[in-house]
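Generate the whole structure from the sequences, applying the supplied hints.
Okay, so the sequence shown: first residue is 171 according to my numbering, each after it adds one.
Possibly wrong hints are sitting among the right ones.
Said to hold, decoys possible - In silico DMTMM-like pairs for lysine to aspartate or glutamate, Cα to Cα no more than 20 Å straight-line:
id, residue 1, residue 2
1, LYS471, GLU416
2, LYS471, GLU270
3, LYS471, ASP509
4, LYS298, GLU270
5, LYS298, GLU311
6, LYS298, GLU443
7, LYS471, ASP514
8, LYS298, ASP287
9, LYS298, GLU267
10, LYS298, GLU385
11, LYS298, GLU240
12, LYS471, GLU267
13, LYS513, GLU240
14, LYS298, GLU281
15, LYS298, GLU472
16, LYS513, GLU267
17, LYS471, ASP195
18, LYS513, GLU281
Since the hints were made in silico from the structure, they are not lab data.
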Amino acid sequence: MQQLGSFWRRRDLAHIWHPCTQMHDHEAGNIPLLPIRRARGVWLEDCDGRRYLDAISSWWVNLFGHGRAEIAAAIARQANELEHVIFAGFTHRPAIELAERLTALAPPGLERVFFADNGSAAVEVALKLSFHYWYNQGRPERTRFVALGGGYHGETLGALGVGDLGLYRAVYRPLLIEPLVVNPPDCRGLPPAEWEAASRNAFAAMAETLRRHHETVAAVIVEPLVQCAGGMRMYHPVYLRLLRGECDRYGIHLIADEIATGFGRTGTLFACEQAAISPDLMCLSKGLTGGFLPLAAVLMKEELYQAFYGEYQQGRNFLHSHSYTGNPLACAAALATLDLFEKDDVLAANRRTAALMAENAMLLAGHPHIADVRQTGMIVAFDMIAERDTRTPYPAAERRGLGVYRYGLEHGVLLRPLGDTIYCMPPYVITPDEVERMIDVVRRGIDAVTTGR
Numbered sequence: 171m172q173q174l175g176s177f178w179r180r181r182d183l184a185h186i187w188h189p190c191t192q193m194h195d196h197e198a199g200n201i202p203l204l205p206i207r208r209a210r211g212v213w214l215e216d217c218d219g220r221r222y223l224d225a226i227s228s229w230w231v232n233l234f235g236h237g238r239a240e241i242a243a244a245i246a247r248q249a250n251e252l253e254h255v256i257f258a259g260f261t262h263r264p265a266i267e268l269a270e271r272l273t274a275l276a277p278p279g280l281e282r283v284f285f286a287d288n289g290s291a292a293v294e295v296a297l298k299l300s301f302h303y304w305y306n307q308g309r310p311e312r313t314r315f316v317a318l319g320g321g322y323h324g325e326t327l328g329a330l331g332v333g334d335l336g337l338y339r340a341v342y343r344p345l346l347i348e349p350l351v352v353n354p355p356d357c358r359g360l361p362p363a364e365w366e367a368a369s370r371n372a373f374a375a376m377a378e379t380l381r382r383h384h385e386t387v388a389a390v391i392v393e394p395l396v397q398c399a400g401g402m403r404m405y406h407p408v409y410l411r412l413l414r415g416e417c418d419r420y421g422i423h424l425i426a427d428e429i430a431t432g433f434g435r436t437g438t439l440f441a442c443e444q445a446a447i448s449p450d451l452m453c454l455s456k457g458l459t460g461g462f463l464p465l466a467a468v469l470m471k472e473e474l475y476q477a478f479y480g481e482y483q484q485g486r487n488f489l490h491s492h493s494y495t496g497n498p499l500a501c502a503a504a505l506a507t508l509d510l511f512e513k514d515d516v517l518a519a520n521r522r523t524a525a526l527m528a529e530n531a532m533l534l535a536g537h538p539h540i541a542d543v544r545q546t547g548m549i550v551a552f553d554m555i556a557e558r559d560t561r562t563p564y565p566a567a568e569r570r571g572l573g574v575y576r577y578g579l580e581h582g583v584l585l586r587p588l589g590d591t592i593y594c595m596p597p598y599v600i601t602p603d604e605v606e607r608m609i610d611v612v613r614r615g616i617d618a619v620t621t622g623r
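Written as structure tokens, this is what we have:
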């Protein structure tokens with residue numbers, strides 16, 4: 171059995187370049203490369219029979235557990251009817267029903283749907299729609315975008331252009347647009363009772379940026395409530411309410427990137443609901459298909475759609491397409507995912523699980539090498555530091571987070587830290603015993619790389 175994993179690793183390393191990976195780490199054995207052969211529920215199983223609790227929902231996409239029978243069956247049924255058809259000039263039932271259901275579930279006013287095939291593409295669509303809207307409105311000077319510091323919206327050039335993670339932007343900067351970057355409402359290190367005041371105070375920078383630049387701004391793009399890839403930075407919904415008000419004041423589009431926060435992750439179906447606001451455009455992906463197939467959707471207000479509507483000769487068309495736009499198999503998976511939300515009281519169950527995650531996570535609150543324990547819904551995060559009192563970070567070159575990752579794998583839990591930020595974002599079907607196991611491995615992993623215990 172031990173030889174089977176090595177067999178597949180050798181074949182992989184001969185040809186495949188993995189994402190977000192320095193392949194030398196795999197070749198040198200610094201980071202394990204694990205061939206996975208099956209998965210069920212929250213568990214992955216590798217080719218050598220070892221099992222790993224998927225504490226990160228396989229890059230935040232898997233909502234209802236791996237191998238969920240209802241979603242697999244929906245895909246199989248659809249595959250026997252229609253696997254794909256060009257979506258220009260043709261349509262089909264799964265896409266129509268999905269658009270109807272998404273607009274019914276979304277915040278009020280989001281009535282039109284443009285399909286794409288991944289989160290970065292959805293952000294590209296939203297940015298182009300906003301820019302092109304102002305062009306069609308005779309306002310070509312509105313070309314700029316406002317983004318939050320530490321934000322992440324994907325890795326295609328347009329999406330990178332409104333992100334603010336130096337790791338991703340540095341090399342490609344000559345190819346990117348330059349957004350107006352505003353200090354984010356980062357509530358790390360603060361007790362939850364202080365999040366609202368801190369978020370209100372942080373909004374002053376956004377208000378000033380919009381006051382000064384509104385005549386040339388097309389849209390503001392934000393990740394509602396949690397800046398995920400930026401280190402699981404969390405903030406209070408009041409920031410979104412204030413932002414909606416200022417965008418309305420100046421006639422600026424608000425783009426909500428709910429790719430990671432949508433579909434129940436933050437405690438409501440969409441994070442924007444907690445602020446009782448409707449964005450002008452909302453980007454969805456990741457959990458949309460329950461982790462089975464790539465699909466994305468951009469929901470928008472009717473006003474944006476109408477800005478492109480007219481006679482062909484007017485040249486108002488939105489020329490953006492993907493070969494797999496509205497793919498029937500992916501739409502069928504998404505419909506089955508929405509069915510699961512309807513069948514079970516998922517959000518209520520998530521609140522119970524989130525409470526258990528919080529109870530276990532707070533056992534680490536006094537750890538000498540943890541600066542902060544924070545939570546929003548089904549996301550809990552911990553920041554490792556060298557010195558708690560001074561909040562001194564570890565040198566990045568020490569790769570302490572990688573040490574926790576390796577410890578997790580050795581003890582049957584898949585964690586993928588963001589630098590020295592350890593987080594858990596498990597599938598919703600995780601059991602109480604599995605929650606305790608997950609957090610216990612986090613605790614022991616942090617102990618191992620900080621105190622040597």
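### Message
For a quick check of understanding: which of the numbered hints are violated here, in increasing order?
### Response
3, 4, 6, 7, 9, 11, 17, 18
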